[in-house]
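Engineer: Spelled out, the chains give:
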Amino acid sequence: MTSLTALRGIPRPSARTRARTARKTKKFTLNGCGVLVALLTLFPIFWMVSTAFKPSQEIYSLTPHLLPAHPTLGNFSAVMSGQASGIGSVWLFFRNSLVVTVSTVVLASLVSLLASVAVARFRFRFRASYLIMLLIVQMIPGQALVIALFLDFNRIGLLQSLPGLVLVYSAQALPVSIWMLRNFVATVPRELEEAAAVDGAGALRIFWRILFPLVAPGLIATSIFSFITAYNEFIVALTFLGQAHSDYTLPIYVTYFFNRGGAQWGPIMAASTLYTIPVVAFFLLVQRRMTSGLVAGAVKG
Amino acid sequence: MVDTVTNQPAARASSAPRPPGARRASAARLRALIRRYRLAPYLLLLPSMAAIGLVLLWPVVQVGLYSFQNYGLAQTDGAAPTQWTGLSNFTATFADSEFWLSLRITVLFAVAAVTLTLLTGTLVGLLLHHLGRLMAAFVGTAALLAWATPPVSASVLFYWLFNPDGGLVDWSLARLPHWLVGSTNWAGFNWTTSGALPAYAVATVLVVWQGFPFIAVSVLAGLKTVPAELLEAARVDGAGAWQGFRKITYPLLKPIFLVLLLLSVIWDFNVFTQTYLLTGGLGNRDEFNLSLYLYDKAFTFPPSYGLGGALALILTIILLIITVGYVRASVRQGALT
Numbered sequence: 001m002t003s004l005t006a007l008r009g010i011p012r013p014s015a016r017t018r019a020r021t022a023r024k025t026k027k028f029t030l031n032g033c034g035v036l037v038a039l040l041t042l043f044p045i046f047w048m049v050s051t052a053f054k055p056s057q058e059i060y061s062l063t064p065h066l067l068p069a070h071p072t073l074g075n076f077s078a079v080m081s082g083q084a085s086g087i088g089s090v091w092l093f094f095r096n097s098l099v100v101t102v103s104t105v106v107l108a109s110l111v112s113l114l115a116s117v118a119v120a121r122f123r124f125r126f127r128a129s130y131l132i133m134l135l136i137v138q139m140i141p142g143q144a145l146v147i148a149l150f151l152d153f154n155r156i157g158l159l160q161s162l163p164g165l166v167l168v169y170s171a172q173a174l175p176v177s178i179w180m181l182r183n184f185v186a187t188v189p190r191e192l193e194e195a196a197a198v199d200g201a202g203a204l205r206i207f208w209r210i211l212f213p214l215v216a217p218g219l220i221a222t223s224i225f226s227f228i229t230a231y232n233e234f235i236v237a238l239t240f241l242g243q244a245h246s247d248y249t250l251p252i253y254v255t256y257f258f259n260r261g262g263a264q265w266g267p268i269m270a271a272s273t274l275y276t277i278p279v280v281a282f283f284l285l286v287q288r289r290m291t292s293g294l295v296a297g298a299v300k301g
Numbered sequence: 001m002v003d004t005v006t007n008q009p010a011a012r013a014s015s016a017p018r019p020p021g022a023r024r025a026s027a028a029r030l031r032a033l034i035r036r037y038r039l040a041p042y043l044l045l046l047p048s049m050a051a052i053g054l055v056l057l058w059p060v061v062q063v064g065l066y067s068f069q070n071y072g073l074a075q076t077d078g079a080a081p082t083q084w085t086g087l088s089n090f091t092a093t094f095a096d097s098e099f100w101l102s103l104r105i106t107v108l109f110a111v112a113a114v115t116l117t118l119l120t121g122t123l124v125g126l127l128l129h130h131l132g133r134l135m136a137a138f139v140g141t142a143a144l145l146a147w148a149t150p151p152v153s154a155s156v157l158f159y160w161l162f163n164p165d166g167g168l169v170d171w172s173l174a175r176l177p178h179w180l181v182g183s184t185n186w187a188g189f190n191w192t193t194s195g196a197l198p199a200y201a202v203a204t205v206l207v208v209w210q211g212f213p214f215i216a217v218s219v220l221a222g223l224k225t226v227p228a229e230l231l232e233a234a235r236v237d238g239a240g241a242w243q244g245f246r247k248i249t250y251p252l253l254k255p256i257f258l259v260l261l262l263l264s265v266i267w268d269f270n271v272f273t274q275t276y277l278l279t280g281g282l283g284n285r286d287e288f289n290l291s292l293y294l295y296d297k298a299f300t301f302p303p304s305y306g307l308g309g310a311l312a313l314i315l316t317i318i319l320l321i322i323t324v325g326y327v328r329a330s331v332r333q334g335a336l337t
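Sequence order for the protein chains is A and B.
When we follow the working numbering, the leftmost residue of the first sequence carries the number 1, and every step to the right adds one.
When we follow the working numbering, the leftmost residue of the second sequence carries the number 1, and every step to the right adds one.
Misleading hints may appear alongside valid ones.
With a cut-off of at most 20 Å between alpha-carbon atoms, the simulated EDC-like pairs for lysine to aspartate or glutamate come out as follows [what the hints assert, rightly or not]:
#1 Lys-27(A) to Glu-232(B)
#2 Lys-247(B) to Glu-232(B)
#3 Lys-26(A) to Glu-232(B)
#4 Lys-254(B) to Asp-237(B)
Bear in mind the hints are in silico, worked out from the structure with no lab data behind them.
Sequences are here, hints too, so could you generate the full structure?
Structural biologist: Structure (structure tokens):
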């Protein structure tokens, strides 16, 4: 049988080359899609940073430029001096956010470690109910809680204060932290603890010297979660802090700045950029740090 | 027991120094007690239960009580007594046309945002699965950045992108041909004050941008568990890519999709931060979703914690119903083991 292409005198591509071209086209299309998705995703962030470095006549120019033609640090210095927001330097709010997030991470890690040991190591009544309660409780929206919390914390005088926020954020981080950590605790081999107990180590010693270092990767994972919970939290801080400007956390500071209006997009974008950098850096840093190889090594060693 | 200082209050007497042997004995007794009644797990759970109970559970109970009371400014000041008012907060809510508008906005937004987030996330997840290692890392990192951007930064940023004065979106739309973008005069179009539709269009783009990476990563993790031989076998039998996805990948990933769907519904149903910032604080009443409506009722002067409580109860009940689905899906996947 003679094919049409052969009759026309065009050499017919072999099946092998055809497959290769198809594969190449497919790869090309996929990579093209990949580049498109990545650029579209990155663009808003790029625009935030780019605006932060633009002088104001470029920001409001009739023909926007992708990159600042005359890059300036003016927006950043206006944010750092506190002159742009009128309520203080961005470092003050950095300090507040740092205090709140670090305290939350420490408190939530400690409490959730205790609870996850209970859930992973013991079989007891209400264990299943407790776990289901955690699943349900994490769904309760902040909007529903904040009314009663506002009135309660007002009564006990914790309203316009950072410790009040730490208390709320720690509790909010617990359900997911416990849920995550119990898997890590469960992977720590019992033989290790039993061996230590045989060697005469007490419960506290076993906890600190054996369990704690072995669930460290899990603690890192839950710390990331509580860090983000506390660093990003909006509605409780907005409601609790009110006019207590010097106690503002970063999101509330950016919001105040934003609501003040007055076309300050340069400084606002500079403040948002500064607010975004730590959490983005944190994400990139811990992206591939989760390793459970430690446990295998400990048993073998 | 020896009291060393005579004028010490009685309550402190128990902590007065005792002979070391007695202390050790009582500690041993305590330990025996814990072991005998298997108290250890309960003691370990105590701190978490206290925190969750006080900060997450008790407020829900309180809000439930407020919703049947006339709780407002006068009651917090003590100027007027708190009274039980039956269902009046609920009847007032259901009689308010703003409530129904906010409910409609909430539901429509959730449907649009969930659909688009899941669709985009799944497509990007599939894309990541088929890309080479380097390219996948590039796209993955880009998605990670969008995911990591704090909601407040992202909202302020999108507000700026869609701003009528100097915003990039209006500028670009005004330069595109009319057959593509409609005949609206896009130059200077105000997305955030022109009613609910444009405002929530921006909110949808924002929520999809922030939400698709989580879906993509979860779908990718699921895809890695699908045995390659199955898809290979299907291809040998002549199945195309779409058929392979529909007949093999999708059924295998169905539990993951179910959990992702429920989580997305829950998240997008009670979105507050983004809509609060995009609609200009509480400035545009015709752009309230349920969360903004609730917050406005509870905190805008004069505050009505009763009305806010009723709305919080309604919102919580809706979410609990969805959550029951989530819990059942998780339990079926063996999450409790």
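Engineer: Please go over all the hints and tell whether each is borne out by the structure.
Structural biologist: Verification of the hints:
{"no.": "1", "hint": "Lys-27(A) to Glu-232(B)", "result": "holds (18 Å)"}
{"no.": "2", "hint": "Lys-247(B) to Glu-232(B)", "result": "holds (13 Å)"}
{"no.": "3", "hint": "Lys-26(A) to Glu-232(B)", "result": "holds (17 Å)"}
{"no.": "4", "hint": "Lys-254(B) to Asp-237(B)", "result": "violated (23 Å)"}
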